[in-house]
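Residue numbers (the numbering used here), protein chains in the order written: chain A, 26 to 136; chain B, -11 to 101.
There could be a bad hint or two in this list.
A short list of chain B residues far from chain A (calculated; beta carbon distances all over 12 Å) [to be verified]: (1) Glu(-1); (2) Gly16; (3) Asn40; (4) Glu50; (5) Asp51; (6) Ala55; (7) Ser61; (8) Gln68; (9) Leu99.
Ranges between beta-carbon positions, derived for each pair [what the hints assert, rightly or not]: (10) Gly54(A) to Met27(B): 27 to 37 Å; (11) Asn78(A) to Ser54(B): 34 to 44 Å; (12) Asn133(A) to Thr89(B): 17 to 27 Å; (13) Met3(B) to Glu83(A): 38 to 48 Å; (14) Ala(-10)(B) to Ser66(A): 15 to 25 Å; (15) Ser84(B) to Glu83(A): 15 to 25 Å; (16) Glu39(A) to Asn40(B): 43 to 53 Å; (17) Ser75(B) to Glu91(A): 40 to 50 Å; (18) Arg10(B) to Pro136(A): 37 to 47 Å; (19) Pro69(B) to Asn79(A): 43 to 53 Å; (20) Met3(B) to Ile88(A): 40 to 50 Å; (21) Pro72(B) to Ser66(A): 18 to 28 Å.
Among the chain A residues that face chain B by a calculated CB cut under 8 Å, a handful are [claimed, not checked]: (22) Gln67; (23) Phe124; (24) Phe126; (25) Gly127; (26) Ser128.
Keep in mind that the hints were calculated from the coordinates and are not lab data. No experiment lies behind these values; they were computed from the predicted model shown. Even glycine gets a Cβ: it sits at the ideal position worked out from N, Cα and C.
Residue strings, one per chain:
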Amino acid sequence: DAKTTQPTSMDCAEGRAANLPCNHSTISGNEYVYWYRQIHSQGPQYIIHGLKNNETNEMASLIITEDRKSSTLILPHATLRDTAVYYCIVRTIYNFNKFYFGSGTKLNVKP
Amino acid sequence: DAGVIQSPRHEVTEMGQEVTLRCKPISGHDYLFWYRQTMMRGLELLIYFNNNVPIDDSGMPEDRFSAKMPNASFSTLKIQPSEPRDSAVYFCASSSGAQETQYFGPGTRLLVL
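Turn these sequences into a full structure, and let the hints guide you.
Now the structure itself:
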């Protein structure tokens, strides 16, 4: 059961890129890296996920190291609305009870 | 699509009372999940269904909790009798398959006095 380690909080200036790191040194070969975020008082929102290769979508980019022991979520141009808690999660496709959210990183985007 | 719908959004009740939380998943989704979030324990998976059938309820804290999914568009999570330690935000989520992402509802904030 791979767990993740994330910084408790980070600050980012509005308009700049936000780079959120995640360590998952015990990840196994069939586990994906997922990122969700939770804006205050709302349900978690899916951002992106990947297995080995870097991924990009309309919200963010996910960079996974070659050894897969860590990853970085990149929000290319952070806005005030990106202020949220960001969760890095590793799980296999079918082990839903392994969907461990942890404590996440509180990203504060400042004007 | 309206997304996952949960009701009520807020619930305040007294210890010992029965509480029923409701969820309508996104149309066409065949997986439904119930989570609980507290400051102490974070977000925990309680139970999930596939095609209306409960698959894993190992996260349900005790027998006071029960969940049903009578059809593809409706699920309930019931707590009977409720206790103050059940106070939390309860989220429902759905997905269109085992490999797909989960979409969360807005949550129900439960306070048991």
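Hint check results:
Every C-beta of chain A lies more than 12 Å from that of Glu(-1)(B), the closest at about 15 Å, which supports listing it as non-interface. Consistency note on Gly16(B): stated as away from chain A, and its beta-carbon is indeed over 12 Å from all of that chain's, at 17 Å minimum. Residue placement check: Asn40(B) keeps its beta carbon more than 12 Å from all beta carbons of chain A (closest about 16 Å). Interface exclusion of Glu50(B) from chain A stands, the closest Cβ pair being 17 Å apart, more than 12 Å.
Listed as a non-interface residue, Asp51(B) keeps its Cβ farther than 12 Å from every Cβ of chain A; the least gap is roughly 19 Å. Every CB of chain A is more than 12 Å from the CB of Ala55(B) (nearest about 14 Å), matching its label as outside the interface. The Cβ of Ser61(B) lies farther than 12 Å from every Cβ of chain A, with a closest approach of about 18 Å, so its non-interface assignment holds. Every C-beta of chain A lies more than 12 Å from that of Gln68(B), the closest at about 24 Å, which supports listing it as non-interface.
Residue-level check passed: Leu99(B) sits 14 Å from the nearest beta carbon of chain A, beyond 12 Å. With their beta carbons about 34 Å apart, Gly54(A) and Met27(B) fall inside the hinted range of 27 to 37 Å. At about 42 Å, the CB distance of Asn78(A) to Ser54(B) agrees with the hint of 34 to 44 Å. Take Asn133(A) and Thr89(B): their Cβ atoms lie about 26 Å apart, and the range 17 to 27 Å holds.
A hinted range of 38 to 48 Å for the beta carbons of Met3(B) and Glu83(A) is consistent with their spacing of about 46 Å. The hinted range of 15 to 25 Å is satisfied by Ala(-10)(B) and Ser66(A), whose Cβ atoms lie roughly 19 Å apart. A hinted range of 15 to 25 Å for the beta carbons of Ser84(B) and Glu83(A) is consistent with their spacing of about 19 Å. Between Glu39(A) and Asn40(B) the beta carbons are some 45 Å apart, a value that agrees with the proposed interval 43 to 53 Å.
In this structure the supplied range 40 to 50 Å holds for Ser75(B) paired with Glu91(A), their Cβ-Cβ distance being about 45 Å. Hint check: Arg10(B) to Pro136(A), Cβ distance near 39 Å, so the stated range 37 to 47 Å holds. One distance hint, 43 to 53 Å for the beta-carbon pair Pro69(B) and Asn79(A), holds here, with the actual separation near 50 Å. For the pair Met3(B) and Ile88(A), the supplied restraint of 40 to 50 Å holds, since their beta-carbon distance comes to about 49 Å.
At roughly 21 Å, the beta-carbon separation of Pro72(B) and Ser66(A) lies within the given 18 to 28 Å, and the hint holds. A hinted interface residue such as Gln67(A) counts as satisfied when its beta carbon comes closer than 8 Å to some beta carbon of chain B; here the least separation is about 6 Å, so the hint holds. The beta carbon of Phe124(A) comes within 6 Å of a beta carbon in chain B, closer than 8 Å, and the hint placing it at the interface holds. Against a cut-off of 8 Å between C-beta atoms, the interface hint on Phe126(A) holds, since the closest Cβ of chain B lies about 4 Å away.
Hint on Gly127(A) holds. Least Cβ distance to chain B is approximately 7 Å, under the 8 Å limit. For Ser128(A), the interface hint holds, since its Cβ comes within 8 Å of a Cβ in chain B; the closest pair sits about 6 Å apart.
In summary, this structure violates none of the numbered hints.
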